[in-house]
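Chemist: Letter by letter, the chains look like this.
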Amino acid sequence: MRRISKFGWLGGLLLLLLGGVARAQLLFPPPEFESGYRMPVTTTPPGRALWLQYLDVGVLAACLAVAVWLIYRPRSRRGIFWLSLFSLAYFGFYRKGCICPIGSPQNIAYGLLHPSYSVPVTVVAFFALPLIVALFFGRAFCAGVCPQGALQDFFLIKPIKVPAFLEHGLGLIPYLFLGAGIAYAATGTGFVICRYDPFVPIFRLSGSFFLLAAGVSFLLIGMFVGRPYCRFLCPYGALLKLGSLVSRWRVRVTPETCTQCRLCEHSCPFGALREPAPPGAPAPIPGERRTLGWLLVLLPVLIIAGALAGRALSPVAARLHPTVALAELYARQQQHPVVYGVMTPEALALARMAEQPGTVLEAAADLRGRFRLATAIFGAWFGLVVGIKLILLSLRVSRTDFEPDPGACFACARCFSSCPSERVRRGLPVVTVQPPVPAAASALAK
Amino acid sequence: MPNPPKSGQVNPVSRRQFFRNGARVAAMTGLGALTGVLATRGTAAGWVWQIDPAKCLRCGNCATHCVLEQSAVKCVQAYAQCGYCQLCTGFFAPEPNELTTAAENQLCPTSAIQRTFVEDPYYQYSIDENLCIGCGKCVEGCLRFGNGSFFLQIRHDRCLHCNECAIARVCPGEAFRRVPAQSPYLLKSVAK
Ligand code: SF4
Ligand code: SF4
Ligand code: SF4
Ligand code: SF4
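First to last, the protein sequences are chains A and B. Position 47 of the first sequence, counted from 1, bears residue number 47 in my numbering, the numbering being contiguous throughout. My numbering runs 1000 ahead of the 1-based position in the second sequence.
FYI, nobody ran anything at the bench for these hints, they're computed from the structure. Built from N, CA and C at the ideal position, the CB exists for glycine as well. Don't take each hint at face value.
As the list claims (entries may be wrong) - Examples of chain B residues toward chain A, derived with CB under 8 Å:
id: 1; residue: C1085
id: 2; residue: E1104
id: 3; residue: A1112
id: 4; residue: G1146
id: 5; residue: N1147
id: 6; residue: N1163
id: 7; residue: P1172
The whole structure should be built from the sequences, with the hints applied where relevant.
Modeler: Printed below as a string of structure tokens:
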């Protein structure tokens, strides 16, 4: 509330009486200057020009096109490297990582549920373009356009193989993060994916200590575990993975015949290269069918269990919403009053709420209801993801060559040059390629 | 061992291939529908964050929670609303020793407010945005005993336009909102 001194009131009254009606609400009448003083105007420096935002979309589209070309035509690792260097400079250090496709699903979810927020076309483009490319060519965006990916990629020096169970288990986190990001955006809480992006503070060279530390830790881990954020956290990567699984064209180690020489086996630092099915003995079909049958029965169970678990977590999840948090703080104050200092955010928020507690409490109750629905859907989604993952794992391997898993492959083009057929095709000297994974590390992986 | 000629297809169109094609078409249709819906209500220019001065409680978070080292929030002066007071309660600390610009007399922790003599008895107060940290102390001072012509605004030449403003989520007044990028300020104007 605006507090007004006694003197102020008098002044205001005087003003009213003197007929300064037009400016009656000001305590002190703005002066009539006699010295020819020219009053400055409040400046309003504009934000980033619209054409520059369209330029961003143009650069994104161009980079995606170049990435696809580099992966499928010259099949050039060097080209991808230079492209990702450019992307790191442009989208990372020049554009400071905002807005990027990683956070864009939140804008879409928020826009769909909040009619007052119309999603800007640039954001729609950033959301859709890399996904469309993934549906046809795989993760070309991750290969050379994403600044977050590029930054981690540069730090990779000695990749070790992550055990398969960890790879698959941790690989589920991106779906959790994506679901949480969308649920929090849909409930109008905020954009948690942006809030916890560990690399944007590095691009900006400023940010909270916690996030800067997280970013640096990711980069340090990334020296040995290739692209840890991409593989085990990135929510947009989860979408791209889904898109790439059904993509029209796929990244292959070589378009030529695979001679099964196993030279490429350890060339992927991200554990994306998959072995072909063992020759000869295909697994006994009936047993396989039975497992699949059970898993199909398990799927709805997982979905329902997920929904129930999500719903049970909703009171905790709702606390991230400022209005719910304020209502809870208020309720706590009623029972065990804590004295907050004058002009502290807590004291001010409580004072604001005390003016009309009913409205805030009502809003909080309404939000809790929405959270029950949102967290139930979130839980069901995660149940679905786990179920499908299990089903995919149970399916028989049908590939006959060493091939990158289309979902896990970042299309970085590292494995290409390890293939002797590919080297012949490109006229490169065929030396016995030293696998980039050192002996100790590959022994560890076995 | 069978070595497929190219493109990784084992059988001409295997069941999996068929499934993949179906899923891809479905995904494209979904994406198309989604962008279609969004395009019909989309905006070209987009949104930026801004502070509603009527809701700001001068809590001090604006100075400390921006992702920038020096906050993009600054105090601005609505000159037409200012009383040009000799004893500006936004400029001077409570009970100043004397009405001079000596730092110990000032409310502003960074001496960001410039006080210049206009004509007797009026003084102009303007903000040096390179010094202002957006703490809101002067805003509070001006609102309490003055005309309330100081107020906080996100300055868009400095703001990084974060997808989620880091101050918005800790603002006790819920004073932050997205405003259309074409009219990115919520200025105070002279009360009519
Ligand atoms: S997985 Fe995510 S962070 Fe990594 S390159 Fe892809 S979009 Fe970027
Ligand atoms: S955080 Fe909100 S209440 Fe605090 S100073 Fe900024 S706008 Fe005002
Ligand atoms: S008191 Fe705070 S908000 Fe006002 S000018 Fe000084 S630094 Fe800026
Ligand atoms: S949008 Fe970002 S840069 Fe701008 S005021 Fe908010 S936190 Fe600061």
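Chemist: Would you mind marking each hint as holding or not holding in the structure?
Modeler: Now the hints, each set against the structure:
no.	hint	result
1	C1085	holds (6 Å)
2	E1104	violated (21 Å)
3	A1112	violated (15 Å)
4	G1146	holds (6 Å)
5	N1147	holds (5 Å)
6	N1163	holds (5 Å)
7	P1172	holds (3 Å)
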